[in-house]
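Undergrad: Okay, here's what each chain looks like letter by letter:
2 protein chains.
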Amino acid sequence: MTVTAPKGFRAAGIAAGLKSGGAPDLAVVVNDGPDATAAGVFTANRVKAAPVLWSQQVLRGGVVRAVVLNSGGANACTGPAGFQDTHATAEHTAAALSNRNARLLLGAGEVAVCSTGLIGERLPMDKLLPGIRLAVRGLSRDGGPAAAEAIMTTDTRPKSTVVGGAGWTVGGMAKGAGMLAPAMATMLCVLTTDAVAGPDALDEALRAACRLTFDRVDSDGCMSTNDTVLLLASGASGIEPDQAELTAAVTAACHDLAQQLVADAEGATKRIAIDVVGAVDADDAVLVGRSVARNNLVKTALFGNDPNWGRILAAVGTTTAAFEPDRLDVAVNGVWVCRSGAAAEDRSKVDLSGRDVTIRIDLHAGSETATVWTNDLSHGYVHENSAYSS
Amino acid sequence: MTVTAPKGFRAAGIAAGLKSGGAPDLAVVVNDGPDATAAGVFTANRVKAAPVLWSQQVLRGGVVRAVVLNSGGANACTGPAGFQDTHATAEHTAAALSNRNARLLLGAGEVAVCSTGLIGERLPMDKLLPGIRLAVRGLSRDGGPAAAEAIMTTDTRPKSTVVGGAGWTVGGMAKGAGMLAPAMATMLCVLTTDAVAGPDALDEALRAACRLTFDRVDSDGCMSTNDTVLLLASGASGIEPDQAELTAAVTAACHDLAQQLVADAEGATKRIAIDVVGAVDADDAVLVGRSVARNNLVKTALFGNDPNWGRILAAVGTTTAAFEPDRLDVAVNGVWVCRSGAAAEDRSKVDLSGRDVTIRIDLHAGSETATVWTNDLSHGYVHENSAYSS
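First to last, the protein sequences are chains A and B.
Using the UniProt record's numbering, the first residue of the first sequence is number 1, and each one after it goes up by one.
Using the UniProt record's numbering, the first residue of the second sequence is number 1, and each one after it goes up by one.
None of these hints come from the bench; they were simulated from the model.
It is possible that some hints are incorrect.
Note that identical chains are pooled: a pair holds if it fits in a single copy or bridges any two copies.
[Unchecked claim] Think about it this way: if two alpha-carbon atoms lie no more than 30 Å apart in a straight line, the pair counts; the simulated DSBU-like pairs of lysine-lysine are: (1) K349 to K7; (2) K19 to K127; (3) K19 to K349.
Computed from a predicted model, the values in this text were never measured in an experiment.
Given the sequences, and given the hints that come with them, work out the whole structure.
TA: Structure representation (structure tokens):
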């Protein structure tokens, strides 16, 4: 049920004609309250799409009553006119919702906007605005799955999650299959909860969750202009969890979605977990994990079922993390192919026939750990990304 | 004539049996003097191969009378035993040269060693040592081309250069086709000159040259454990150029070799120059150029002949360089597809049918410029690197 699993939310997903093939491409999520608190985390890319600039502004108000999301166009690098398109999208959504629903009298400043698709092209507003009216008419308590489907781009399947609390629930949907990178990338995610929570509590929960999940997914090292993760609370359960409970549930929801993103990364044949242990601190562990996750030579080797630990060591060696090169240990799928920086167990013992790969790197410098998730670099990745816009 | 173009040098390239196919895999370059001054630049990777650790030590002495280079094995991540192998290689080369040549009575500490190939495996010393004797017997004044061929790995052709000074010459050979990265990567390069130059003059010339050439080649963002660039001077011309002349000639030689490396990068179908202009300083310009050069989405788009400037902007946006996102201009092969951060000239005007691509990025933040060279990310790259060690 994705975003409509918690009480107080309706959603819809429809085809507005933004995608050439006629697939669903527009989603609306509405928070019917009683509360409308929210938090958001956005791309760290300095080139930000118009909807990111807009939604950051909306979030500053701390109230989000609706989110409108489109695939079929990122509305990034579109200049002042593109920002005006986002503004019109929010206004139109607010007006359509206010017309349909006496309960909801909302302004554009309470509507977040998310877009995904090709960068640099204006959105076809003549299709988008009628699509918004169609979606608003279709809003329903079980519209979550349709919304999750409408935000897909090169995803092969929708991603959704539901995490139960004690009398309250977190639901969520996400899209994203490439450009997953440091602090995320073209990833859109809307999380909903019927817990009672103020903006500060939501912000704390969402930032903690992203840090441990989406921020540790690095599919291809690229960072999008459009990444957005939103968390909306309706308070409809009447239950106010403590901060630890809230953070744990939001983290579990983000973890579940992040794993689905990695599993569905463009052209991937492997889902790779890089466990870094023995680090001085978590930052070092993430740094090392990310360096390995981004290394094209490691990623192509794994695509070829080759436990090429030398390339892993070379990637570790490019970081500033605390370690001694001659103390590094590396295991691939449980076989310690490298000990003390040199060959150890026979690499032919490594079984890479399955889809899941675990690389374990022991820095022998401390006791902190982190896991970074990535995927392999395959012919499919090259194919999808060399053909995407043409 | 590569490294034997300048007076005072002999070289040889032979098959020692390190490569399974019987191709040449061992080269020796000898400086017959009268001088034996030298400078070296090595990988910045903290995981350094045994020959790098050894040669750094040799260079500290400032005297290099011979270089022995092998393909067919990197001798990286091989522990203390691997370092011992490098030491034995240098000793054996010194002994073989001293036996053959009364003029040359040299110690292992005057022999630099370079290795390239698979990481993590010991070298077959039973083949390498006899190979050294064979190569020393074959040393000749026209052995440069054979040496350049013997150091190839996945290179499809040898790389060599000759740059003429006023009565003196710089010659050089290089290998490297993948793992070209920040401050180079599995790249071996030996430059020779018959100019009269002390170690400090050579060091200054070589560092300046690398900074503008090899350091600005970024093929796949990966950094090798083995990169080595050596510059040897025999003084046999009897002419001592001034520092500017020396630096200019060495830079020209490195530029020529760097261009050959980019053109022969693994699986590449495009040779891409990223010209960054309007930067506050050269560091910013290089930072931006490198970020674009490493971006897999930009590289796959160019493989697909797609002038996807949005991905270029997204790559620029990940840097800390001084610029305003809404002032960025981007041209692809002369067509300004992006002005002020948004679409400008029609992308269909961009002709990407040729092998050479020039991306020009104007940051509008200052007056400094830099060019970074890279290549596209193709099916060939994935193929070569997924099959390399197996």
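Undergrad: Next step is simple, just say for each hint if it's right about the structure.
TA: Hint check results:
no. : hint        : result
1   : K349 to K7  : neither (51 Å within a copy, 52 Å between copies)
2   : K19 to K127 : within (10 Å within a copy, 62 Å between copies)
3   : K19 to K349 : between (47 Å within a copy, 24 Å between copies)
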